[in-house]
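Protein chains: 2
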Amino acid sequence: MTEQKATNITWHKPLVTREEREKKNRYKGVVIWITGLPSSGKSTLAHEVERLLFERGCNSYVLDGDNIRHGLNKDLGFSPEDRNENIRRIGEVAHLFADAGVIAFTAFISPYREDRDRARSLNEPGRFIEVFCKCSPGECEQRDPKGLWAKARKGELKEFTGISAPYEDPPEPEITVETDKYNLEECAGQIMRYLEEKGIIPAAAVK
Amino acid sequence: MTEQKATNITWHKPLVTREEREKKNRYKGVVIWITGLPSSGKSTLAHEVERLLFERGCNSYVLDGDNIRHGLNKDLGFSPEDRNENIRRIGEVAHLFADAGVIAFTAFISPYREDRDRARSLNEPGRFIEVFCKCSPGECEQRDPKGLWAKARKGELKEFTGISAPYEDPPEPEITVETDKYNLEECAGQIMRYLEEKGIIPAAAVK
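So the sequence lines, in the order shown, correspond to chains A and B. Letter by letter, the first sequence follows residues 438 to 644 of the working numbering. Letter by letter, the second sequence follows residues 438 to 644 of the working numbering.
Looking at chain A on its own, in the form it has when it is part of the complex (with noise of 0.2 angstroms):
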């Protein structure tokens, strides 16, 4: 655990409520936590998920590793304490765009149990959903869109998870969605039906 150096903060009430937000907005700001395998299609689904969201009028964003490792992340590589660190940060800036009422997406490997688990326990019960998009390592390696298995498979990276690091499967996600049996769009709507099941979103307007 990350120990609290600054002893010298207090806390104070925010004036606009978080309560005030989401009534406002009439959906509610949670994390949306994709975990799973290189290649197993969690950037996809998510941009997938937040265009049907902006289509139902809520606001979302997504974190991942085109707008997190150039950025906030770019001191950390990929040793067992920077995928430490990485996962820790996004975890409190997730937590961040919850409190601020955006339905935020992360779509990051996020390997380990213990490293999920604690970017849960920021949020409050029901305020983080996990997403596990399983897809079968030979499927992952043969989409490979950015080719990483085949750098991988050549030695040209280093603890790579499903070749050279190990990936912990979650025992119990909110979520899980086969994305080498379902198509995007058949895996997007099974995000948005749990979204509006749990009154996190408003249900779609019937046509």
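If you are wondering where the hints come from, they were derived from the structure by calculation, not from laboratory data. Here the structure is a predicted model, which means the values were calculated and not measured. One or more hints might be untrue.
Which copy? The list can't say, so a pair holds if one copy fits it or any two copies do.
Distance condition first, Cα-Cα at most 20 angstroms in a straight line; then the derived EDC-like pairs of lysine to aspartate or glutamate [claimed, not checked]:
no.: 1; residue 1: Lys511; residue 2: Asp554
no.: 2; residue 1: Lys511; residue 2: Asp536
no.: 3; residue 1: Lys461; residue 2: Glu492
no.: 4; residue 1: Lys461; residue 2: Glu485
no.: 5; residue 1: Lys465; residue 2: Glu492
no.: 6; residue 1: Lys511; residue 2: Glu522
no.: 7; residue 1: Lys511; residue 2: Glu551
no.: 8; residue 1: Lys583; residue 2: Glu623
no.: 9; residue 1: Lys588; residue 2: Glu578
no.: 10; residue 1: Lys571; residue 2: Asp581
no.: 11; residue 1: Lys571; residue 2: Glu611
no.: 12; residue 1: Lys461; residue 2: Glu578
Please build the complex by placing chain B on the supplied structure of chain A, with the hints as guidance.
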């Protein structure tokens, strides 16, 4: 500068563009960077403007010691290196919020020009609004709501900005609010007018 460590990252276009978000929201995501001495009124001002924006239908969020020092940056203390990293991370997170279409306030002393300029550089021109919370050290010390100036005078706080650590005034802030001359309502109104004039938020409806 922090070096870029991760190299096997590619960029891809998000499916919801910033333009789309802002067209729907009818306001723009920006960073409002409030800087000034301890007890100059940064956080109070940020929350006051947040309230006014909320009533105008604009979503904003305040990053300050309360939600950053206990979370994302709880591994950092007050050494020059840690202060530097503190502000670097805050700059990155504020930029993410603005990218998500939120009006992001930061309310940190942020005493060094270089650190503030680096935070600015992450954003497109016009998307970073530096607000100098100008207040005489004497007035700040008299207010001292958290008793920090008093502690620093007793030597209980080291590297305290205004006493034992420097504060570099912003040479060209977008806005200067003189919190020792005008009241909270007036200072908040000054920021609201700026945001209206620059087309960042819609003008208030005539009553």
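To test your reading of the hints: which numbers does this structure violate?
Hints 8, 12 not satisfied by this model.
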